[in-house]
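Q: As a plain string of letters, each chain reads:
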Amino acid sequence: AQKVTQAQTEISVVEKEDVTLDCVYETRDTTYYLFWYKQPPSGELVFLIRRNSFDEQNEISGRYSWNFQKSTSSFNFTITASQVVDSAVYFCALSENQAGTALIFGKGTTLSVSS
Amino acid sequence: DTGVSQDPRHKITKRGQNVTFRCDPISEHNRLYWYRQTLGQGPEFLTYFQNEAQLEKSRLLSDRFSAERPKGSFSTLEIQRTEQGDSAMYLCASSPRTSGLKQFFGPGTRLTVL
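Same order as they appear, the protein sequences are chains A and B. Per our numbering, the very first residue in the first sequence carries number 1; after that it's consecutive. Per our numbering, the very first residue in the second sequence carries number 116; after that it's consecutive.
No lab work stands behind these hints, which were simulated from the structure alone. One or more of the hints may lead you astray.
Simulated crosslink set (BS3-like; lysine-lysine; CA at most 25 Å straight-line) [stated by the list, open to error]: (1) LYS3/A to LYS172/B; (2) LYS129/B to LYS107/A; (3) LYS107/A to LYS217/B.
Construct all of the structure, not just a fragment, from the sequences and the given hints.
A: Set out below in structure tokens:
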């Protein structure tokens with residue numbers, strides 16, 4: 001069965017701190033896709049990144065970076081020098097189907113960044 | 116702005132009433148998805164369309180729920196005989212033919228059943 005676990009329910013940091021959001025997944029498939037979405041207070045889910053199971057390269061995009069490790073079934077997300085605008089709920093998600101049908105989401109991590 | 120739109124944004128209804136939500140996907144996106152999100156949880160998959168064909172349904176989609184996408188463009192999600200447990204945010208997403216992996220989400224319809 002497929003499952004996504006985000007063990008951190010809430011994280012609070014002060015601006016400019018670095019913060020890492022953890023994501024652990026379970027799947028029996030060898031081909032799968034991992035995602036991170038951001039849900040700001042406005043409510044609309046915003047796509048951040050997609051990774052396929054064959055690409056273990058870490059990725060950096062500005063202040064965001066992602067660490068994918070198949071050996072530990074983890075896909076962690078780090079925000080460097082956090083800002084107040086980063087405050088949101090962050091979801092990790094898994095898709096086992098190549099056509100990208102159902103996304104299986106974790107319960108999310110609420111990040112609060114204070115000034 | 117040509118993102119995914121949903122209507123209405125909020126709906127309050129009494130238990131036992133029927134409600135219908137509409138989703139307009141991004142133009143030319145052939146895949147459309149419905150999810151449900153309750154407070155403090157991640158979105159849960161309900162159903163998926165490719166063009167007008169409903170290809171996948173979750174076990175969460177009881178027989179009180181029905182979704183359609185008659186012309187392969189907009190979609191409707193109807194809930195009959197609403198129950199208090201149906202109170203949630205209903206999210207619609209779409210994805211293009213060339214990249215079914217990246218789903219673009221709408222703002223959602225928040226349903227409150229009294």
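Q: Confirm or reject each hint.
A: Now for the hints, and whether the structure bears them out:
{"no.": "1", "hint": "LYS3/A to LYS172/B", "result": "holds (18 Å)"}
{"no.": "2", "hint": "LYS129/B to LYS107/A", "result": "violated (28 Å)"}
{"no.": "3", "hint": "LYS107/A to LYS217/B", "result": "holds (19 Å)"}
This entry does not satisfy hint 2, going by the numbered hints stated previously; all others are met.
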